[in-house]
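Peer 1: Sequence:
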Amino acid sequence: MKDIAVDKTTLCPSARAESEDSVVFGIISGTVAEPRVTYLKQPLPISDELIAKANPITPAEIFRTAAACATKDCQHFDGQDCRLATRIVEKLPSVAQELPPCSIRRDCRWWQQEGKAACMRCPQVITDNYNPSEVAIQVSKLAAG
Numbered sequence: 001m002k003d004i005a006v007d008k009t010t011l012c013p014s015a016r017a018e019s020e021d022s023v024v025f026g027i028i029s030g031t032v033a034e035p036r037v038t039y040l041k042q043p044l045p046i047s048d049e050l051i052a053k054a055n056p057i058t059p060a061e062i063f064r065t066a067a068a069c070a071t072k073d074c075q076h077f078d079g080q081d082c083r084l085a086t087r088i089v090e091k092l093p094s095v096a097q098e099l100p101p102c103s104i105r106r107d108c109r110w111w112q113q114e115g116k117a118a119c120m121r122c123p124q125v126i127t128d129n130y131n132p133s134e135v136a137i138q139v140s141k142l143a144a145g
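The opening position of the sequence shown corresponds to residue 1 in our numbering, with each subsequent residue numbered one higher.
It is possible that part of the hints are untrue.
[Said to hold, decoys possible] Within a straight-line C-alpha distance of at most 25 Å, the following computed BS3-like cross-link-like pairs (lysine-lysine) qualify:
| hint | residue 1 | residue 2 |
| --- | --- | --- |
| 1 | K91 | K53 |
| 2 | K141 | K116 |
| 3 | K72 | K53 |
| 4 | K72 | K91 |
| 5 | K116 | K41 |
| 6 | K53 | K116 |
[As the list claims (entries may be wrong)] Simulated DEER-style distance windows between Cβ atoms:
| hint | residue 1 | residue 2 | range |
| --- | --- | --- | --- |
| 7 | S19 | R83 | 17 to 27 Å |
| 8 | K141 | E49 | 28 to 38 Å |
| 9 | P45 | E90 | 30 to 40 Å |
In short, the hints are calculated from the structure, not lab data.
It should be emphasised that the depicted structure is a prediction, and the values quoted were computed from it without experimental measurement.
From the three backbone atoms N, C-alpha and C, an ideal C-beta is built for every residue, glycine too.
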């Protein structure tokens, strides 16, 4: 299978499926109370067929997707770092016993910025989570002013 990630592209591991050139790198499993990402061996390009399989729910409820980091066009980017990655490491507990087998790690913004600490928390990050914990809500919100 061809390498999906473009060389020298930094990927956002929390991108929307609608983002240009997005790929699925994980499937949401676990429970409603404790969802977990199961990582794919190879990322899959998002297609209309794949999005249709998610219907009637949003793709982000069942897929973790990545796309090129939007940097200045993203609400979480401060000009140098991803504040979402920072809050994940600061506020969420580690849920992995060892580094998860992630197919986008070498290009991942969170890995490049926060290292292993981000990866140990990543399996609990669900983009469209309709039953988030109080901590998950705090992590996802932008800091005031």
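Peer 1: Each hint needs a verdict: does it hold in this structure or not?
Peer 2: Evaluated hints:
no.	hint	result
1	K91 x K53	violated, 33 Å
2	K141 x K116	holds, 23 Å
3	K72 x K53	violated, 32 Å
4	K72 x K91	holds, 24 Å
5	K116 x K41	holds, 19 Å
6	K53 x K116	violated, 32 Å
7	S19 x R83: 17 to 27 Å	holds, 19 Å
8	K141 x E49: 28 to 38 Å	holds, 34 Å
9	P45 x E90: 30 to 40 Å	holds, 33 Å
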